[in-house]
Amino acid sequence: MDTLHPLVDALISLMLVIGALFTLVGGIGLARFGDFFMRLHAPTKATTLGVGGVLIAAMIYSWASGRFGVPELLITLFLFITAPVSANLMAKAALHLKVQSKAGRPAVFDDGAETPGKQG
Amino acid sequence: MATGTSHPKRWLAHPFMSATIAASWLLLQQSFAVPQLITAAVLALVLPRVLAGFLGPQVKVSSWATVVRFTGIVLWDIVVSNITVAKIVLNPAREPRPAWVPVSLDIRHPNGIALLATIITTTPGTVSCVIDEDRHEILVHALDCTDPAALAQDIKNRYERPLREIFE
Amino acid sequence: MMPLALDIAVAAVALAMLLCAFRLFRGPEVTDRLLALDTLYINVVALVVLLGIRQQTELLFEAALIVAMLGFVSTVALARYLTRGDVIE
Chain A
86 MDTLHPLVDA LISLMLVIGA LFTLVGGIGL ARFGDFFMRL HAPTKATTLG VGGVLIAAMI
146 YSWASGRFGV PELLITLFLF ITAPVSANLM AKAALHLKVQ SKAGRPAVFD DGAETPGKQG
Chain B
482 MATGTSHPKR WLAHPFMSAT IAASWLLLQQ SFAVPQLITA AVLALVLPRV LAGFLGPQVK
542 VSSWATVVRF TGIVLWDIVV SNITVAKIVL NPAREPRPAW VPVSLDIRHP NGIALLATII
602 TTTPGTVSCV IDEDRHEILV HALDCTDPAA LAQDIKNRYE RPLREIFE
Chain C
18 MMPLALDIAV AAVALAMLLC AFRLFRGPEV TDRLLALDTL YINVVALVVL LGIRQQTELL
78 FEAALIVAML GFVSTVALAR YLTRGDVIE
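Chains as they are written, first to last, in the working numbering: chain A, 86 to 205; chain B, 482 to 649; chain C, 18 to 106.
Here chain A stands alone, though its shape is the one from the complex:
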C-alpha cells in the first residue's frame, strides 16, 4: 500500500467498494425475498459483480505491486463457472422437493429424475 499511484489507488478502492456493496445487496435479497426461487437470484448477483469486483480489485493490486495475480484470476474463473451449476442443482432439488413458489408451479416440470446433462 506504500507507493501506489493515486489513480490506481482510487480504481482499486472503487472496485472494492462496488464489489462489497453488490455482495451486500445479494445478502439483503437472500434475507428479504418471499420464496426460495426468488432467493435463488441472490448468489448469482453476489458472485458476478460482488466477488467479481473484489477479485478484480485484488488483481489490479497484485499487478500494481509487481505480481501476476494468478490465484485471483483462477478464483474468478472458477466462481463464474461453478456458480450457475450449483444454482441449477439447487433449483432441481427445490423442484424435486416441491418447494412452494410465488410464481405458481411451472407448467413444464420434470422432477429431476433424469441426469442433469452436461454443465459448463
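Treat the hints as calculated values from the structure; they're not laboratory data. Misleading hints may appear alongside valid ones.
To be verified - Straight-line alpha carbon distances no greater than 27 Å define the calculated DSSO-like cross-link-like pairs of lysine-lysine that follow:
| no. | chain 1 | residue 1 | chain 2 | residue 2 |
| --- | --- | --- | --- | --- |
| 1 | B | Lys-637 | B | Lys-541 |
| 2 | A | Lys-187 | B | Lys-637 |
| 3 | A | Lys-187 | B | Lys-568 |
Said to hold, decoys possible - From the structure, some residues in chain C lie toward chain A, with a derived Cβ separation under 8 Å:
| no. | residue |
| --- | --- |
| 4 | Leu-52 |
| 5 | Asp-55 |
| 6 | Ala-85 |
| 7 | Ala-96 |
| 8 | Leu-99 |
Built from N, CA and C at the ideal position, the CB exists for glycine as well.
Given chain A, put chains B and C in place with the hints provided.
Coordinates of chains B and C only, in the frame set by chain A:
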C-alpha cells in the same frame, strides 16, 4: 488403458485445454524452472486424456469475431442487470413479480446448450432451473417479469443466436 | 484511500454474511438453508481475498481458491443428496 478400435484415444486431443492447464500450473508456481516445466507438461498431457470420457469431441469455433463480440455483450448485460436487480432488492415498496418462463431451444450442440444455461443464470434476474434436453427447452425463473413471451424472445435473440453462430 | 475502502468492504461483506446466517437459521425449507450456505461460502471467498489485500500476503489467495473449490463440491453433494437421497450412485 484399453483403447477401442472405434474411438482411439489420442494424446493432445484437446490442445486448448492442455495449454490452459500448463499455463495455470506455471503461473500458480510463479517459476519457469525445469522441474516445474516438466510437471506442467506431464499434467497437460495426462489430465485431458484421463478426462476424455467426460469431455466429448473437440469444439470447433466457427467465428472468433462473434466470440469476442458476444463476450462483450454478456459482460455488459451482467453489469446492467445487476444494477436492475439491485434496485428491486433495495426498494422495499417494490414487490417483484416472479414468473416461470419456458424458452424453447433451436440450438442443438450440447456445449452450446450448457453455455446458454450458464449465461442465463450468470445474468442476475434470470436463473435456468431445468434443462430439458429431450423437449429442447430451458425452464427459466425470472425475478421480475410481466411478459414471459417477450423475455423468452429476448433470450433467444440476444444469446441463442450468437451461440448458434459460434457452435453450429 | 485504500485502507478506508478496505474497511468499508470488509464491513459490507461481514453484514452480508450475517444476513446469510439469518437465512441459514431461519429456513424455512431445507433448500433455503443450502442456498444460504452456498452464498455464505461465496462471501467467505470475498472476505478472505479482502483480508489477503489488507495483510499483504499471497498465501490467503490460495486459501480462498481452496474455499471456493470445497464450497462448490459440498453444495453439489448436498443438492444431489436432496434430489436423489444419494450422493454417488
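Grab the minimum C-beta distance from Leu-52 (chain C) to chain A and call the hint holds if it beats 8 Å, violated otherwise.
Hint on Leu-52 (chain C): holds, closest Cβ of chain A at ~6 Å, below 8 Å.
Verify the proposed pairing of Lys-187 (chain A) with Lys-637 (chain B), using a straight-line Cα cut of 27 Å.
holds, 25 Å
Holds or violated: is there a CB of chain A closer than 8 Å to the CB of Ala-85 (chain C)?
Holds - the Cβ of Ala-85 (chain C) comes within 8 Å of chain A, reaching about 5 Å at its closest.
With a cut-off of 27 Å on the C-alpha distance, tell me whether Lys-637 (chain B) and Lys-541 (chain B) pass.
holds, 22 Å
Taken at face value, is the distance from the CA of Lys-568 (chain B) to the CA of Lys-187 (chain A) at most 27 Å?
holds, 20 Å
Against chain A, run the beta carbon of Ala-96 (chain C) and see if the smallest gap drops under 8 Å.
Holds, because the Cβ-Cβ distance from Ala-96 (chain C) to chain A comes to roughly 4 Å (cut-off 8 Å).
Per the CB criterion, is Leu-99 (chain C) less than 8 Å away from chain A?
holds, 4 Å
Regarding the hint that Asp-55 (chain C) lies at the interface with chain A, is the smallest CB-CB distance below 8 Å?
Cβ of Asp-55 (chain C) sits 6 Å from chain A, so the hint holds.
In this structure, every one of the numbered hints holds.
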